[in-house]
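Asker: Based on the hints, put chains B and C in the right spot on chain A.
Residue numbers (numbering that gives the first Met the number 0), protein chains in the order written: chain A, 0 to 132; chain B, 0 to 219; chain C, 0 to 219.
Any given hint could turn out to be false.
What the simulated footprint calls covered on chain C by chain B, stretch by stretch (three residues with Cβ under 8 Å from a Cβ of chain B suffice, anywhere in the stretch; the number is not a length) [what the hints assert, rightly or not]:
(1) 8-18
(2) 43-51
(3) 56-62
(4) 134-144
None of these hints come from the bench; they were simulated from the model. Glycine included, every Cβ here is placed at the ideal spot set by N, Cα and C.
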Amino acid sequence: MKKMIITATFFIALGQTLAYAGAVEDLLSRYKAKGAKNFSAENGQAMWVATYEDAKTGMTRSCETCHKKNLKTKGEHQKTGEVIEPLAPSVNPVRFTDMKFIEKWFKRNCKWTLGRECTNQEKGDFLLFLQKQ
Amino acid sequence: MKNRKIKLSMMFFALAVGLAAIAGQAIADDDGDDDGYKGRGGYSQNGDDRGYNNGDDDKRRGGFFGGENRLRGKADVATVAGVLYKKECGSCHFAYQPGLLPSRSWEKIMAGLEDHFGDNAELPEEDQVEITRYLIVNSADYSNYKASIKISSSLGGSSPVRITETPYFVKEHQEIPVRMWKNNPKVKSLSYCDRCHTNAKAGSFNEHDVKIPGFGKWDD
Amino acid sequence: MKSNEKVKVWDPFVRVFHWALLLAFIVAFITEFSELKLHVVAGYTVALLVSLRIVWGVIGEKNAKFSDFVYPPAMVVAHMKDMARLRHKRYLGHNPAAGTMALVLIMCLAATTLTGVLTYGAKEVSGPFSTILLNDGWRYGSELEAMHNFLAWSTVLLALLHVTGALAESFLHKENLVLAMFTGVKRKDFAVEHAWDGAKTHLEPMPLLKSATQASQFKE
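Excised from the complex, chain A in its bound form (with noise of 0.2 Å):
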């Protein structure tokens, strides 16, 4: 019994592992073929930090707003206290193993804290540097 759920464990541990790399370079890949340069994790902290004025509300928005400073612990809805589960993926693996969950969040998010969509040069930048986390 013992060793079918460590055998199991071990198989849905690395069917999330698989995944998610799977998501995360195919995504890079994508956007390298519509037209983005090498990728830089720097970059994507830079704008990861930087905060944005709301051009209707006049509110400062960043990515740290909901998802705070530490990747590792959860994040709050920044008006409704909902709880958003961590983003960085060595505490929860999920994340990053979804291709169209990754691109409705950039593209919902971007518009909301920047203002814009993202290009696709930044979203590899921000993918590269959150898988790090």
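Answerer: Relative to the frame of chain A, chains B and C by itself:
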């Protein structure tokens, strides 16, 4: 003496007939309860079973005695069955039952996801279409649940995008003191149904199930 | 004059009505929150019984008729004054105070069932008024329910007074009135019927618990 007996028998006959009618209706009502999503207005996962038949409001209402054979279930509103709706919308906020707003309101909301009450909640187009369809089919317009009927009859043609702005909702919540919700850090807004309605997920908004965080059971 | 001669006072319909009403009311009262369907069935039963009792109050037998137990207000007051001095007369049917209680109870129960069925229409969108209330039910639900609750509690209060009166009367006039409502018979002696029909002397308070011979002067 004979007259007396006739009158008495008449009374007992009337009593018996009346009791039989009440009992008969009560038993008949049992058949219609809790039968889930079948029939008129129900949501069918494969799509084409749209019970659209708007306009004849009173057909949705109960018959003379129990009438619950026309109404659906004991809950106030149909529970959420849409898998995609639950996943996409329910991951950020309480999955408001589609029966809490008319279809015209849902259409408005789903057309403006870019500014969804201050958030960007844009969806991939195919998901947006699928969820909109689910919300319309199960909207208050076509639901036989009592909260749906009361909400839609309270609207009088308006199409609010907030459930909290429907006249029925406003009336039902106006007696709650502000200190219990707006100024209550554990509640903050009436939009968070499930913070006080302990059975909100099951579609039950009965006041006996209300427990206000920091204040306990709500009894008026 | 034999003091233990019996006379039929309560006809079978009055007796069945009385106890069936008590049962139905208790069922309705205890199922208020828990079992809506049973509450409704019990409520309809109360309504049926009360309606038939009103009919019986017009066409029924002597002691059951409104004309027999609805006394002029002056007489009711006079009787109550006598009661306060424990010198009130014994009646075969209802005495003026008891008759007034019966009338008020009937009216209160009628109002309770009426507001109940209206609440059922407004809040549960069921029952005979769900269609008539159509687009306004949501507006009046809570108010109707509050009225319904108030009337129900008033009925309880009145019923307790009624029981107190019956028990006190049983004790003071040495006659088991609760049993009489089962058997229908009461002691015949020193009964006063329609005291206001005769001479003024009939209105004079009768010394309580006097022997039958002394009391027999009030006999019809």
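Asker: Hint by hint, say whether it matches the structure.
Answerer: Comparing the hints with the structure gives:
With a cut-off of 8 Å between beta carbons, the stretch 8-18 of chain C has 4 residues touching chain B; three or more are needed, and the interface restraint holds. Evaluation of the coverage hint for the stretch 43-51 of chain C: fulfilled, as 5 residues show C-beta separations to chain B shorter than 8 Å, against a requirement of three. For the stretch 56-62 of chain C, the assignment as covered by chain B holds, since 3 residues bring a beta-carbon within under 8 Å of that chain's beta-carbons and 3 suffice. Beta-carbon proximity to chain B at under 8 Å applies to 7 residues in the stretch 134-144 of chain C; the threshold of 3 is reached and the given coverage holds.
Taken one by one, the earlier hints all hold for this structure without exception.
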